[in-house]
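There are 2 protein chains.
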Amino acid sequence: MIKSLAVDDAGRIIARASRPTEVHAGQDRVVRNLAAAVEDVTRQLEQAGAVMGDTMTKSIGVGVPGVLNVEKGLVVASPNFPRWEGFPLRARLEAAIGRPVLIENDANAAAVGEQWQGAAVGLKDFLFITLGTGVGGGIVLDGRLWRGPGGRAGEFGHVKVMAEGGEPCGCGSRGCLERYANASALERYVLDALPGGTKSDLQRLAYDRPDAVDPAMIAQAAQAGDAAARAAYQRFAVYLGLGIANVVNLLDLRHFILGGGVSESFDLFAPRLRDEAAARIYGVAIDEIHILKARCGNEAGALGMAYLALEKS
Amino acid sequence: MIKSLAVDDAGRIIARASRPTEVHAGQDRVVRNLAAAVEDVTRQLEQAGAVMGDTMTKSIGVGVPGVLNVEKGLVVASPNFPRWEGFPLRARLEAAIGRPVLIENDANAAAVGEQWQGAAVGLKDFLFITLGTGVGGGIVLDGRLWRGPGGRAGEFGHVKVMAEGGEPCGCGSRGCLERYANASALERYVLDALPGGTKSDLQRLAYDRPDAVDPAMIAQAAQAGDAAARAAYQRFAVYLGLGIANVVNLLDLRHFILGGGVSESFDLFAPRLRDEAAARIYGVAIDEIHILKARCGNEAGALGMAYLALEKS
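Which chain is which? The protein sequence lines are A and B, in order.
Start counting the first sequence at 1; every next residue gets the next number (the working numbering).
Start counting the second sequence at 1001; every next residue gets the next number (the working numbering).
Bear in mind the hints are in silico, worked out from the structure with no lab data behind them.
Keep in mind that this is a model prediction, so the values were computed, not measured.
Ideal Cβ positions, reconstructed from N, Cα and C, are used throughout, including at glycine.
Errors might be hidden in some of the hints.
Computed spacing ranges between beta-carbons, pair by pair [stated by the list, open to error]:
| id | chain 1 | residue 1 | chain 2 | residue 2 | range |
| --- | --- | --- | --- | --- | --- |
| 1 | A | A91 | B | E1071 | 44 to 50 Å |
| 2 | A | D214 | B | K1293 | 46 to 52 Å |
| 3 | B | L1191 | A | S184 | 39 to 45 Å |
Taking lysine-lysine pairs in the DSSO-like style, the calculated list, with each CA pair at most 30 Å apart, reads [unchecked claim]:
| id | chain 1 | residue 1 | chain 2 | residue 2 |
| --- | --- | --- | --- | --- |
| 4 | B | K1072 | B | K1293 |
| 5 | A | K312 | A | K58 |
| 6 | A | K124 | B | K1003 |
| 7 | A | K72 | A | K312 |
| 8 | A | K3 | A | K312 |
| 9 | A | K293 | A | K3 |
| 10 | A | K72 | A | K293 |
| 11 | B | K1003 | B | K1293 |
| 12 | B | K1124 | A | K312 |
| 13 | B | K1058 | B | K1072 |
| 14 | A | K124 | B | K1312 |
| 15 | A | K72 | B | K1124 |
| 16 | A | K124 | B | K1293 |
| 17 | B | K1072 | B | K1003 |
| 18 | B | K1312 | B | K1003 |
Here chain A stands alone, though its shape is the one from the complex (with noise of 0.2 Å):
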């Protein structure tokens, strides 16, 4: 799905429009309704009677799942857009909207959505990361959104959480943290806890249909108290708070601010999530670490693009 928005100078989201992504139909398509999207907002906004000129920005902002060429304006490596490698994203998206375009890595994007309007702001460095189908990062240091060299900085969910064997991952290799902290791992930990005899109300719905069990639905379960939905997340809990651990041995950082669909459920992975941190951290105490809850929901990614957009300008 793609969600555009028209943003103020302020943050305040004054306009909002959605289209399908449409993947499957090819680029050309997708390059179509990314153009629409915008025209969406943009014709809300004439309607509406807004100033046009002056007080719009020259850029438009598109947050991108996968590692881009930021400088180039090139997809890189994208699961979401297989065999997209190569294409001039920036350039076919400037020609059909008429207008510049900034790409940026859409958990970049968030991260920039959460210090500018949410959970992070004023905060100088921190890791937001998004917990959904993927498991993405996006890395402020400095006040300053860290690209990298190359402007692909931020992978958090292809971070390793073991050195031999592991799930195969989307990106070709195996044992990425994403692997075992996104929604589909929920999944995965209750199936497996199930034959094992754990008590659980969705014991029977996962023997008639096991694909069935969603994120929603152990969310649910877990709340409720069942047994195998809130061991899930206790599992899960066990390797977001390595990979969490891990940025703090490496960087030092000290906040970090959970966004996507199973932040949602934060409530139920939290505690465990913290204790499990605070065995792996070194020279550092657990006090000092801040583990929160984004609050820009889904649309930290677009909010970011705006302000990224706005400071282009």
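Once you have looked at the hints, place chain B on chain A.
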């Protein structure tokens, strides 16, 4: 061992001395030894008729293994200095030496040394890794040492390479990279391989006196083609490759400088290290990653501290 250097502003070493550390003899003795090592080089400079005063930096830089609170001048945690937690090292050294003192983590200092005079000259973004009894790291981002908000960044050796279980580490946790990529890990890998029947000249020695299998001997045996010794370096490379790939994925760093005793055997593990990193990086080609041997040897740390002291002057 305390190593003490005097360096001119072009980075040339103009005096050097060394003193035993004598940690077992207590904090007062260590402070006295450090002050004496500074006195040794000062006396050499005076005897050589070096012009004192204007040309001397006011500050003395001291690199220390372990986690420090650089701002307050305290030791936070150091396996090399057990029970020194909270020790006001900087204040004690300033009292003993009579001049301002800078303290810095030794791997951070070595990173600066390599950047000034070694393998990292001209690099803006890199990770320096020290491979010895311990494994340490120093991160340079955008040309500057990245200390993190609390001054404790760079604990690369305490990044975990497994989520559950793992070798216990001196830091109190388990599964730290340090336990899999330090000098003792090589010994463990050799001793592990032998009962399995790996043909090795180390066999009889290990059977008679397993304690006698040390890193220098393993390096020598591997150079001579010994199978068990070569296998040990391959296994070592798996874990170090994982650690490097994780830093690529997280920070998009492209340059890694390997120092410390084990890096002397760089050629024995570098090809496999490259392959292991290649298998785990995402969105970056291995040709863009440069893994280099450090050039300043065991004086990198002292050189880096000299640079930091010059910079402060």
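Now for the hints, and whether the structure bears them out:
| no. | hint | verdict |
| --- | --- | --- |
| 1 | A:A91 to B:E1071: 44 to 50 Å | holds (47 Å) |
| 2 | A:D214 to B:K1293: 46 to 52 Å | holds (51 Å) |
| 3 | B:L1191 to A:S184: 39 to 45 Å | holds (40 Å) |
| 4 | B:K1072 to B:K1293 | violated (33 Å) |
| 5 | A:K312 to A:K58 | holds (9 Å) |
| 6 | A:K124 to B:K1003 | violated (37 Å) |
| 7 | A:K72 to A:K312 | holds (16 Å) |
| 8 | A:K3 to A:K312 | holds (21 Å) |
| 9 | A:K293 to A:K3 | holds (21 Å) |
| 10 | A:K72 to A:K293 | violated (33 Å) |
| 11 | B:K1003 to B:K1293 | holds (21 Å) |
| 12 | B:K1124 to A:K312 | holds (24 Å) |
| 13 | B:K1058 to B:K1072 | holds (19 Å) |
| 14 | A:K124 to B:K1312 | holds (24 Å) |
| 15 | A:K72 to B:K1124 | holds (21 Å) |
| 16 | A:K124 to B:K1293 | violated (34 Å) |
| 17 | B:K1072 to B:K1003 | holds (24 Å) |
| 18 | B:K1312 to B:K1003 | holds (21 Å) |
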